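Peer 1: Here's the letter readout for the chains.
4 protein chains.
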Amino acid sequence: HEQAFKATTSRSRTFNCSRNTEISIEKPPRSILIVNKLRTPPVIQAIDALLEYVHEKYPDVRVFHEDRKDIPHGAEVWKPGTDASPIDLVVTLGGDGTILHASSLFSAGEVPPVLSFSLGTLGFLLPFHIDDYAKALESVFNGKATILNRMRLACTFYDSDLEKKGEGANDDWQVMNEIALHRGASPHLNTIDIFVDGQHLTEAVSDGLIVSTPTGSTAYSLSAGGPIVHPSLSALVLTPICPRSLSFRPLVFPSTSIVTLRIGDRSRAPAGVSMDGRTSQILNPGELVTVQASPFPVPCINRSSIIDSATAAEMQHREGAGPGKEDDWVRDINNLLQYNATFRSKALLRHSRT
Amino acid sequence: HEQAFKATTSRSRTFNCSRNTEISIEKPPRSILIVNKLRTPPVIQAIDALLEYVHEKYPDVRVFHEDRKDIPHGAEVWKPGTDASPIDLVVTLGGDGTILHASSLFSAGEVPPVLSFSLGTLGFLLPFHIDDYAKALESVFNGKATILNRMRLACTFYDSDLEKKGEGANDDWQVMNEIALHRGASPHLNTIDIFVDGQHLTEAVSDGLIVSTPTGSTAYSLSAGGPIVHPSLSALVLTPICPRSLSFRPLVFPSTSIVTLRIGDRSRAPAGVSMDGRTSQILNPGELVTVQASPFPVPCINRSSIIDSATAAEMQHREGAGPGKEDDWVRDINNLLQYNATFRSKALLRHSRT
Amino acid sequence: HEQAFKATTSRSRTFNCSRNTEISIEKPPRSILIVNKLRTPPVIQAIDALLEYVHEKYPDVRVFHEDRKDIPHGAEVWKPGTDASPIDLVVTLGGDGTILHASSLFSAGEVPPVLSFSLGTLGFLLPFHIDDYAKALESVFNGKATILNRMRLACTFYDSDLEKKGEGANDDWQVMNEIALHRGASPHLNTIDIFVDGQHLTEAVSDGLIVSTPTGSTAYSLSAGGPIVHPSLSALVLTPICPRSLSFRPLVFPSTSIVTLRIGDRSRAPAGVSMDGRTSQILNPGELVTVQASPFPVPCINRSSIIDSATAAEMQHREGAGPGKEDDWVRDINNLLQYNATFRSKALLRHSRT
Amino acid sequence: HEQAFKATTSRSRTFNCSRNTEISIEKPPRSILIVNKLRTPPVIQAIDALLEYVHEKYPDVRVFHEDRKDIPHGAEVWKPGTDASPIDLVVTLGGDGTILHASSLFSAGEVPPVLSFSLGTLGFLLPFHIDDYAKALESVFNGKATILNRMRLACTFYDSDLEKKGEGANDDWQVMNEIALHRGASPHLNTIDIFVDGQHLTEAVSDGLIVSTPTGSTAYSLSAGGPIVHPSLSALVLTPICPRSLSFRPLVFPSTSIVTLRIGDRSRAPAGVSMDGRTSQILNPGELVTVQASPFPVPCINRSSIIDSATAAEMQHREGAGPGKEDDWVRDINNLLQYNATFRSKALLRHSRT
Ligand SMILES: NC(=O)C1=CN([C@@H]2O[C@H](COP(=O)(O)OP(=O)(O)OC[C@H]3O[C@@H](n4cnc5c(N)ncnc54)[C@H](O)[C@@H]3O)[C@@H](O)[C@H]2O)C=CC1
Ligand SMILES: NC(=O)C1=CN([C@@H]2O[C@H](COP(=O)(O)OP(=O)(O)OC[C@H]3O[C@@H](n4cnc5c(N)ncnc54)[C@H](O)[C@@H]3O)[C@@H](O)[C@H]2O)C=CC1
Ligand SMILES: NC(=O)C1=CN([C@@H]2O[C@H](COP(=O)(O)OP(=O)(O)OC[C@H]3O[C@@H](n4cnc5c(N)ncnc54)[C@H](O)[C@@H]3O)[C@@H](O)[C@H]2O)C=CC1
Ligand SMILES: NC(=O)C1=CN([C@@H]2O[C@H](COP(=O)(O)OP(=O)(O)OC[C@H]3O[C@@H](n4cnc5c(N)ncnc54)[C@H](O)[C@@H]3O)[C@@H](O)[C@H]2O)C=CC1
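Protein sequences, first through last, are from chains B, H, W and R.
At the far end of the first sequence sits residue 343, using this note's numbering, and the numbering has no gaps.
At the far end of the second sequence sits residue 343, using this note's numbering, and the numbering has no gaps.
At the far end of the third sequence sits residue 343, using this note's numbering, and the numbering has no gaps.
At the far end of the fourth sequence sits residue 343, using this note's numbering, and the numbering has no gaps.
These aren't lab readings, by the way, just hints derived from the structure by calculation.
Note that the coordinates shown come from a computational prediction; the quantities given were computed from them, not determined experimentally.
Think of the CB as a built atom: it goes at the ideal place given N, C-alpha and C, for glycine as much as any other residue.
It is possible that some hints are incorrect.
[What the hints assert, rightly or not] Label-pair ranges, simulated between beta-carbon atoms:
| # | chain 1 | residue 1 | chain 2 | residue 2 | range |
| --- | --- | --- | --- | --- | --- |
| 1 | B | Asn323 | R | Lys154 | 37 to 45 Å |
| 2 | W | Ile33 | B | Asn323 | 37 to 45 Å |
| 3 | H | Ser149 | B | Asn323 | 24 to 32 Å |
| 4 | H | Ile271 | B | Arg255 | 51 to 59 Å |
| 5 | R | Asn323 | W | Lys26 | 38 to 46 Å |
| 6 | B | Lys133 | H | Ser149 | 35 to 43 Å |
| 7 | R | Glu152 | W | Glu45 | 31 to 39 Å |
| 8 | H | Ser149 | W | Ile33 | 30 to 38 Å |
| 9 | H | Asn324 | R | Gly155 | 37 to 45 Å |
[To be verified] Some residues of chain B that are not near chain H, with every Cβ distance over 10 Å (derived):
| # | residue |
| --- | --- |
| 10 | Ala38 |
| 11 | Glu45 |
| 12 | Gly70 |
| 13 | Ser74 |
| 14 | Leu94 |
| 15 | Phe95 |
| 16 | Ala258 |
Chain B on its own, in the form it takes in the complex (with noise of 0.2 Å):
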């Protein structure tokens, strides 16, 4: 039985849409970028115990770090723009905000494949602990990891005079989760224009609004009431924020559509906007911004990627999943969301005496 209900459920596909799943990434990697946001002791040991052990089995990998006071020895410095160095992976330690971070770094073009590690807390976007980090490393650089590429969207500000807010031609701010427009400590409710296309989609008078990514799916907008939304989709996700109407659902848009979202003129209150968490400015009444799939996604590895050959002839058997083919965001959604923890089940539960 437990062959047919493999075969049964995961016959071969018969719509031909690449899923970003299965890219894997060729030569290996001769610059690595560490990304950490706290210096906390287990963090520096972490880099230290991580950069020795690159230097010794990867001598000719040059390790880079953003330029801060605190950089770790045997670092060089790294800073983000047109004329630096160029980076083959980054290699991330801390939680999912520490992604978020790096992607920010990398947002003029494109990114280069991220590898996560927690130490030791879980995160939606951390496949590895720490501890694996040697098996991690050895599947990039024998061409063994596999990557899923999260989408991210390209967010352009314009004022009133439908001017591009900021100077640069390349001022565009790709975000990961999502941008989030929000009243913050107004008082009152502000009123957005929202297109599609160009085309007049609602009016809406609320806290705010959020565009977020599949990624940004299980984020800000879940919260918000958002739908969950594979990382492997290409979609926009349009999540109002405390809406004064009862008929304002979350909506999905194909990750062609650009959605611009318009302070309406007689708005009571500005719109503070926030960017994968960080607030970066304030809209005005009139003023606006557009967001639309980046070309810039951020290629991240897969827990997949370590599974050694042992574990993959397993999975073959039991799962009806190829090796590679494990899915972290269905084992996520159950672990740090409690998707679906029902009401706890008789069998378990069970009544203790007073």
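Please build the complex by placing chains H, W and R with the ligands on the supplied structure of chain B, with the hints as guidance.
Peer 2: For chains H, W and R with the ligands alone, coordinates are given in the frame of chain B:
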């Protein structure tokens, strides 16, 4: 400003995922199938006018009708099946249900382009008013009609021995809106195991589950709390019906996913199956259904097909959307769903005296 | 600080609406009715032990049981109705459904206090573990038991001529959880007109409607999206099931309201009626049901009844809640519903190595 | 049938909880306080007309106005506080916010009956159109006005040493809609511990929390996903704002409950406090607020007060509701919230030709 706004909100797309919208029909149709559910006087009249018009204007075109007692005068009988006469165009007259019915007539393979007329009442899948039939047919025969490929779902049923239920090999059902499993008249909740690509996602204890297309996201799934998904996106929406869990949210999967629903062995109730609103069978404990994107979408002719050049030119200036780009969907969710019908604006609603 | 906190959060009440919680039973019971749905070995054993204990400790007390083939040895037969033997105490053994069943035995008038035991599995209406039966009975016989009067709803059915359906005058149904109208196995939505105190509220097009008590707010109504209402509040909750409207929200009415549900004359489907999970009848177009607070609540004996003086004293210091004030409900929504089970806290969940 | 229907749906109440609706004002007022927020020409005109009318018709009545630069001619200055002139009637002119403001003027004790006029725009708390002022005043002076006592919440703030914040003993705030805690402009979620009657309910990680009255259930709480609660019910509604949990549902408590919200010691953000839409203070980690029903509701004069006997007689036949029983609330949720505005009915919406 208008010009600039247009430029801002509909710049050339940066991501190159083709949307399903701009495909056009090239060859003039040589056979037409008329589909209608009712034979009320307005329907009879409309069909008669249409038939007369086709016979006169396109004398070589054959017109067919489903085999029923009351087939319209001048139409030939058509039976679905492997040796059915080839159909180049389906014309439906009636409500949304008529299109769902037309879709069911082509469940084994490709669906010809569908041109749908309402008889004066609005529907989500009804772009044309019957009075516009000449204009609409003309755009089809001139190769100017554009289509939206509405994704369908192929559903295959298995008994608890994992043998396909039903006989033939081609018994897969194709649904345009959704497949819904429901306890129906049973007083008890059912228990359904959900698998995605062979991986166990969760066990749902609920009244039932819906797997919907983006088209169906505005139908039953919406009533059950699901998000609204643009029909040009390829995706599957999983929405629970009255789950006994506080933490069950709608999920959106890429259209490459295979969703398997298996009635739990100890489920207290079986599940009745409805496909596009038609009840079909009962699934008992241990039985299952797999759901995946069908290779045979329904090519629906768009409203924008009959926008004349004057309107198109005007739109180009006004809206930033070129000819044939007007989106029926935005109009529909506003008009039909009263999407975000905000609490009546103070300016509009006068307080009437007692 | 603890003391001050206690004082701060539980100061003497300023509003004088009596809650239903602190009523106590004064006279020792002279007759007990045992209610159980199953006769599995653990239930049989539990009943035998209980019976023996009662006969020995309270020899004058008569013990009754519903008239069934398998009534326990030592119990007298009891039949509901106008000349039923008077019952001073109901003892239930089983799940929540057993209490709903006990409630249904007293649908024509007053309900005796109900003492409910679980057999090891938790339930929302089950304060006591069977092993505590001696302690629990003692508190009842000593006049120390406190009760929560759980409101019920009286439902009266009328045909389309507005004649009462059924014969006798006392045919009102009394429900403890809810009355639910549902399209059941019909493929079509039904249309139900809702009146509140004779005023037309709205026409609901949906799968169905639920009118629930606060007790029932954690049952079906919750699954359909309703709020959680504390059982000591007197209120009616109206929750739609899959409404074809974006703007239908649950409503909470005072218990003085009369809610009337009338199947629309042109409803495409009738509505099956379920009361506390038991299907009873079908309402056809034009037929109606009125729902209002019943004068006969179910007096449920609280868990706090058996908190001994040591515990009570301890609680007084620890929690700010005096003896007999501990609220089962907070415990239940946390334990049973996993209320607000937040995304796993970083501190608690260790990332396991692959 | 109509008669029978009326009898069926509004039979004499079986439960005897007095609703707050049918209280009437007996003594004719001797002093009136006029409250308005704006001094736009229509407001000025309306006040002048009203003042003239009162002076002429009820010459002994004193008219007061809040102490502002622009107090209307013919009115005396009034200052809130312990030695404020006694007020028998408050007249408000403006939107819902004007009534909230009037409520705030009487935060230390009893509130006089409030008669609210709109200036042509609808509001939830606005029963009368300004053109009806004569009729409305007459019903008050004749003792025919009926009132709905709208419950308020008393809020008391404590610092982390559990000392009352602010000086005087009577510093409790009284809110008519809600108290809302929100992270405001902070990028981080806050952590708030919720206690009910001294018992710990849960720890909320969210943008914020709302504790609302039934009156406020159609204000901010509704936007955040809360249920609609009839204002004649005495209850507290707890609604989370964007909680980071899938399983946080709105809760409804009896008005005897005391809800305590305490900012978690390790909360990453403080919480800004808004009361009826006015931001007041910041609560830092460790600080708390207790919320409970106030002994001082706002007695709002009902629309039904000015239904003349003809209308009343007519209503008696038509609706089954006696004079003075018409419920503004049903009208309001339909007109103002567009409650259950179903997908446009086929009969009403004609498909317009292109
Ligand atoms: N009410 C809410 O739920 C709010 C959520 N946020 C989210 O926080 C994000 C910023 O994260 P941090 O810098 O770590 O701030 P943070 O330290 O305040 O953490 C926010 C939480 O969100 C989690 N998170 C981040 N991205 C996620 C994702 N894609 N899926 C699931 N969980 C995710 C983090 O693990 C963390 O538990 C923003 O992008 C926004 O999505 C921000 C404000 C309010
Ligand atoms: N509680 C609910 O909302 C239920 C909804 N349905 C829906 O009804 C559909 C069958 O439709 P009919 O045969 O016309 O039955 P029907 O005559 O019972 O009509 C159902 C309604 O759904 C509308 N509808 C159908 N497809 C739609 C779509 N894709 N988007 C928006 N609205 C749509 C129709 O216009 C009609 O108003 C099913 O596929 C199912 O989606 C079926 C049962 C319950
Ligand atoms: N989709 C859903 O959530 C459905 C729920 N029900 C509920 O089941 C009830 C009948 O219960 P049973 O006879 O035990 O049938 P059942 O054995 O089918 O169990 C229903 C579940 O509801 C729980 N339950 C019952 N009353 C509850 C309450 N007041 N609060 C919280 N949980 C409660 C029971 O413990 C059980 O887990 C009905 O009154 C109805 O409320 C019935 C049908 C569908
Ligand atoms: N996202 C949201 O929905 C927010 C709502 N508010 C609400 O605004 C209220 C303050 O009102 P204003 O001073 O007029 O500010 P405002 O001028 O910003 O208006 C808020 C809107 O709420 C309406 N409103 C007020 N009380 C209401 C009630 N009890 N039921 C239904 N609608 C009601 C008003 O008519 C107005 O349309 C606050 O008490 C809060 O409830 C405040 C902030 C955000």
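Peer 1: Each hint needs a verdict: does it hold in this structure or not?
Peer 2: Results for each hint:
1. Roughly 43 Å separates the CB atoms of Asn323 (chain B) and Lys154 (chain R), a value that falls within the hinted 37 to 45 Å.
2. The hinted window of 37 to 45 Å between Ile33 (chain W) and Asn323 (chain B) holds, with their beta carbons roughly 39 Å apart.
3. The hinted range of 24 to 32 Å is satisfied by Ser149 (chain H) and Asn323 (chain B), whose Cβ atoms lie roughly 25 Å apart.
4. Distance hint for Ile271 (chain H) and Arg255 (chain B): a CB-CB separation of about 57 Å, consistent with the stated range 51 to 59 Å.
5. A hinted range of 38 to 46 Å holds for the C-beta pair Asn323 (chain R) and Lys26 (chain W), which are about 44 Å apart.
6. For Lys133 (chain B) paired with Ser149 (chain H), a C-beta distance near 39 Å keeps the hint of 35 to 43 Å intact.
7. Taking 31 to 39 Å as the suggested C-beta distance range, the pair Glu152 (chain R) and Glu45 (chain W) does not conform, at roughly 57 Å.
8. Taking 30 to 38 Å as the suggested C-beta distance range, the pair Ser149 (chain H) and Ile33 (chain W) conforms, at roughly 33 Å.
9. At roughly 52 Å, the beta carbons of Asn324 (chain H) and Gly155 (chain R) sit outside the given window of 37 to 45 Å.
10. At roughly 33 Å, the least C-beta separation between Ala38 (chain B) and chain H is larger than 10 Å, which holds for a residue marked as non-interface.
11. Taking the minimum C-beta to C-beta distance to chain H, about 38 Å, the non-interface status of Glu45 (chain B) holds against the 10 Å cut.
12. The beta carbon of Gly70 (chain B) is kept farther than 10 Å from every beta carbon of chain H, the shortest such distance being approximately 22 Å.
13. Its beta-carbon lying about 26 Å from the closest one in chain H, Ser74 (chain B) satisfies the requirement of being farther than 10 Å from that chain.
14. The beta carbon of Leu94 (chain B) is kept farther than 10 Å from every beta carbon of chain H, the shortest such distance being approximately 20 Å.
15. Phe95 (chain B), annotated as away from the interface, keeps every beta carbon of chain H farther than 10 Å; the closest lies near 16 Å.
16. No beta-carbon of chain H is positioned within 10 Å of the beta-carbon of Ala258 (chain B); the least distance is around 16 Å.
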